[in-house]
Amino acid sequence: MNYQPVIGLEVHVQLLTNTKIFCGCPTTFGSEPNSQSCPVCLGLPGALPVLNRKVVEYAIRAGLATGCEISPRSIFARKNYFYPDLPKGYQISQYELPICVGGHLDIELEGMVKRIGITRIHMEEDAGKLVHGDLPGLGDGSGVDLNRACTPLLEIVSEPDLRSADEAVAYLKKLHQIVVYLGITDGNMEEGSFRCDANVSVMPVGSETLGTRAEIKNVNSFKFVKQAIEYEIERQIDLIEDGGKVVQETRLFNPDSGVTRSMRSKEEAHDYRYFPDPDLVPLVISDDWVEETRRSLPELPEARRIRYTSELGLSTQDAEVLTSSRELADYFDACLSLGCHPKSAANWIMGEVTRGLNDKGLAIASCPVTPRLLAGLLGLMDKGTISGKIAKTVFDEIWQSGKEPAQIVEEKGLLQVSDTGALEKIVDEIMAANWGQVEEFRGGKEKVLGFFVGQAMKASKGKGNPAVLNELLLKKLKGEG
Amino acid sequence: MEIFELTIHELSDKLQRRELSSVEATQTMLARIEATESRVNAFITVTPEAALSAATAADQRIAAGKGDMLTGIPLALKDIFLTEGIRTTCGSRILENFIPPYSATSWEKLKERGMVLVGKLNQDEFAMGSSTESSAYGVTRNPWDLECIPGGSSGGSAAAMAARQATATLGTDTGGSIRQPASHCGCVGLKPTYGRVSRYGVIAYASSLDQVGPVTRDVRDCALMLGAIAGHDPKDSTSVDLPVPDYTAALPGGVKGLKIGLPKEYFIEGLDSDVRKTMDEAVATYLSLGAEIVDVSLPHTDYAVACYYLIATAEASSNLARYDGVRFGHRNRDARGLLEMYCKSRAEGFGDEVKRRIMLGTYALSSGYYDAYYLKAQKVRTLIRNDFLTAFEKVDLILAPVAPTPAFKIGEKVNDPLQMYLSDIFTIPVNLAGTCGISVPAGFSATGLPIGLQLIGRPFGEEAILNAAYAFEQATEWHQRKAQI
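Protein sequences appear in the order of chains V and G. For what it's worth, the working numbering labels the leading residue of the first sequence as 215, then goes sequentially. For what it's worth, the working numbering labels the leading residue of the second sequence as 48, then goes sequentially.
In case anyone wonders, no lab produced these hints; they're calculated from the structure. We put the CB at the ideal spot given by N, CA and C, even for glycine. A hint or two may mislead.
Stated by the list, open to error - Below, simulated BS3-like cross-link-like pairs (lysine-lysine); rule was C-alpha separation at most 25 Å, straight line:
| hint | chain 1 | residue 1 | chain 2 | residue 2 |
| --- | --- | --- | --- | --- |
| 1 | V | Lys-268 | G | Lys-402 |
| 2 | G | Lys-61 | V | Lys-293 |
| 3 | G | Lys-282 | V | Lys-293 |
| 4 | V | Lys-293 | G | Lys-306 |
Claimed, not checked - Derived, one-sided and incomplete: chain G residues facing chain V with beta-carbon distance under 10 Å:
| hint | residue |
| --- | --- |
| 5 | Phe-128 |
| 6 | Gly-132 |
| 7 | Leu-289 |
| 8 | Pro-290 |
| 9 | Ala-361 |
| 10 | Phe-375 |
| 11 | Gly-376 |
| 12 | His-377 |
| 13 | Leu-407 |
| 14 | Ala-411 |
| 15 | Ala-419 |
| 16 | Thr-429 |
| 17 | Gly-508 |
| 18 | Gln-527 |
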């Protein structure tokens, strides 16, 4: 029998706010354990949560970017369970009335576009983490680090619209790109800023009834998502083929062995006893707030790609590369706004700029050649002040010194020579020194021209204007001058 | 009159005129506590050293002309208020050694005004109870009759006032926990409107019902204290950003033409005859002062107790989850494994009533029961609130008993939780409605136990009930009687 996998994803996105969702503690990663804590995020008696408005703004951004409706009124709820990394014994989350509902994301796979539904997006706080082993001052045992407790998360829940591991990965990559573009997360998967739980089931092809699903927890890279889902699909099919039944359970993926194993069954599942958190008033979001946020949204990758291809005439491939990150696309757009020719700016960014960044392991944001400097350089080329060859030299010099392109050209005497008098002298000298080749040219071997151009450029130290030189050489070689 | 018997405004006059220092007043108060505490047990912790150093600072402040009405006044707080550096137990063994690293906003405000904390007061464990018998630190006795309960859960706050062990106290009221003990101990107790006073740093029992309020000797003190603790707190999202009026300014307003409602559902059979007589006399007093008495109906009163015990316990079951032995509070050290540590720590740390309510609340929120219990109770709560709002279209305030009986005997209801729960039948609806209520001394039972009168106001209508309470107090002498202790 053939089986159809059905997959839904729950993605947790850690938001890039300076402070936590319900208190003023900083959210910096990697500090001394429990150094970023206060009565609120430690869950001390009497402490009360106060909502960070930035978190709401980020949630609205995510909702708008994925076509969700923004709920004018939403509610925070308590999700109750005991665990040492959960200081209050409950997590403040949203349950019945989340902030965003009913959106979608279009993914492209083998040239086909498919729309994946987004059920909901809600805000919640993260838990702390447990540290095991030899702990300073505690000896061998387990400790709780609550620095991460109360950091803001968005949970983005998809409809079970995905039909393969590849679709799941395409969805995740697209979502990842969007949330990073929105500037609401650093998207760092290794540090857990973007993590995913996958609900996987299989049903016979053509069936209308969904199979029993297993939830795979905390898969933290695109590669592992693919592995975990593929393994799980195969496991479920094998199980059914062998006459067994899939049970509803939570499973954990082990990246080392590539398999999922059962963590807890439905019977052991928590009853979270959700109820509205009485410490927080209902969140009311005005239309004005939504519209203001909509206006402040950055142009998203898809819209940018379309603009680059249809308006600027770039190839799909180039547009893809330039929009791969918001920073890169912003850099490109900055060059355009400074008057650069799109195609030439694109080539330089994808060529010299990217090469330089890769060599030095730098991000585009810290590129020493800023859009303004690059635009200055390209401008000198366009005006014929320097040649393309010299431009690369100047580029390297800007990278090293951060100096203005024009200043470098002047200081190093790199001005392109278009003065026919000066060039004529060079041409005359070369012709005199290479009379044999002149004869060859005149005998009909016209490709000897290239030799003369090369010699002339060399003699001018690369500064000769190639177009002028060409014209001059032709004239003289043909004996017209 | 002894120094420890003075009201805030009387003592403050003496302090400002330098007839007396705060250190002297505080020493007198500490001596009074020493002399009476073995009989009353109103305190869990007495803080003489901190009190005397605060009193010294207050005296300097007054000498520098920077004091105000509250500077140098001895105060005691229910042990539910977090007090930085001073043990805060909430009446529970689970917090026996808990020294909080921060203070409740209400205490911060009073401290800033220069009030002098003499100690932390006994209460029902986690404010769950109506008699202070569920405290892990022994029962508090009613100074009017040491065989009787002082009421609860703020039993220590009211008993300390009746025993003249503090000039003013703070309590909290979730279902009557300020008004009922104030009634039983013959003092003034106010539960402000939900959102009027910050709950930050006050250990939560039922977050949507808890409210901080003063217990005082007279209505003027009550108005003073409310003015000092009320107001929006950026640390409490449920505190309301409304201006705080000068509550004392409106006091001599009189009640002429005031419409006072009598809810028929509160004057039922089973109401103690002394309580009924006291209410009748209070009505007569108000009539004689020129108020108009109007019959009103609060038709959903019958459902209030059931509704309360679903909502309050549900919230409590979640609020008390943090007492897990992991970060603070009692932990069983012999447990092997996490689950056993949780179970043993909580089993040892919590008393019976707390366990009962955690179980009730957990059940009410459980999957499959949520709609039938918690959600239904929330709907009933809306009906009860609407009852009050409808009544307030007709009347300015509502007059009712505080409790169906005067203080009962210690031990009388310990084994009958339902009877105990019913003793809050007239106070619970006010918490569910989220509005304000005050208890004022209004008479005595045949056996000499105080009986309070409850005035219920519109949401944020504290001025109106304080004013009406003040008029009653001016016309009667009940508040001047003192427990013989």
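How the hints compare with the structure:
1. Annotation: proposed proximity of Lys-268/V to Lys-402/G is violated, straight-line Cα distance about 39 Å (limit 25 Å).
2. Our distance criterion of 25 Å between C-alpha atoms is broken by Lys-61/G and Lys-293/V, whose separation comes to about 54 Å.
3. Taking the CA atoms of Lys-282/G and Lys-293/V, the gap is about 22 Å. The hint holds against a cut of 25 Å.
4. Between Lys-293/V and Lys-306/G the CA atoms are separated by roughly 46 Å; this puts the pair beyond 25 Å, and the hint is violated.
5. The interface hint given for Phe-128/G holds, since its Cβ lies 8 Å from the closest Cβ of chain V, which is under the 10 Å cut-off.
6. Evaluation of the Gly-132/G hint against chain V yields a violated restraint, the C-beta minimum of about 14 Å exceeding 10 Å.
7. Taken as an interface hint, Leu-289/G does not check out: its beta carbon lies about 14 Å from the nearest beta carbon of chain V, beyond 10 Å.
8. For Pro-290/G, the interface hint is violated, since its Cβ never comes within 10 Å of a Cβ in chain V; the closest pair sits about 19 Å apart.
9. Residue-level restraint check for Ala-361/G holds (minimum Cβ-Cβ distance to chain V is 6 Å; threshold 10 Å).
10. At about 7 Å, the closest approach between the beta carbon of Phe-375/G and any beta carbon in chain V falls short of 10 Å, and the interface hint on this residue holds.
11. Residue-level restraint check for Gly-376/G holds (minimum Cβ-Cβ distance to chain V is 8 Å; threshold 10 Å).
12. Given the 10 Å rule on beta carbons, the hint for His-377/G is violated: about 13 Å separates it from the nearest Cβ of chain V.
13. This hint is violated: Leu-407/G has a C-beta 13 Å from the nearest C-beta of chain V, more than the 10 Å allowed.
14. Interface restraint check: Ala-411/G against chain V, minimum CB-CB distance 9 Å, threshold 10 Å, status holds.
15. Annotation: interface hint on Ala-419/G violated; nearest CB of chain V at approximately 14 Å, more than 10 Å.
16. Because the smallest distance between the Cβ of Thr-429/G and any Cβ of chain V comes to about 13 Å, over 10 Å, the interface hint for this residue is violated.
17. The restraint placing Gly-508/G at the interface with chain V is violated, with a minimum CB-CB distance near 21 Å, outside the 10 Å limit.
18. The restraint placing Gln-527/G at the interface with chain V is violated, with a minimum CB-CB distance near 36 Å, outside the 10 Å limit.
Checked against the numbered hints above, the structure violates hints 1, 2, 4, 6, 7, 8, 12, 13, 15, 16, 17 and 18; every other hint is satisfied.
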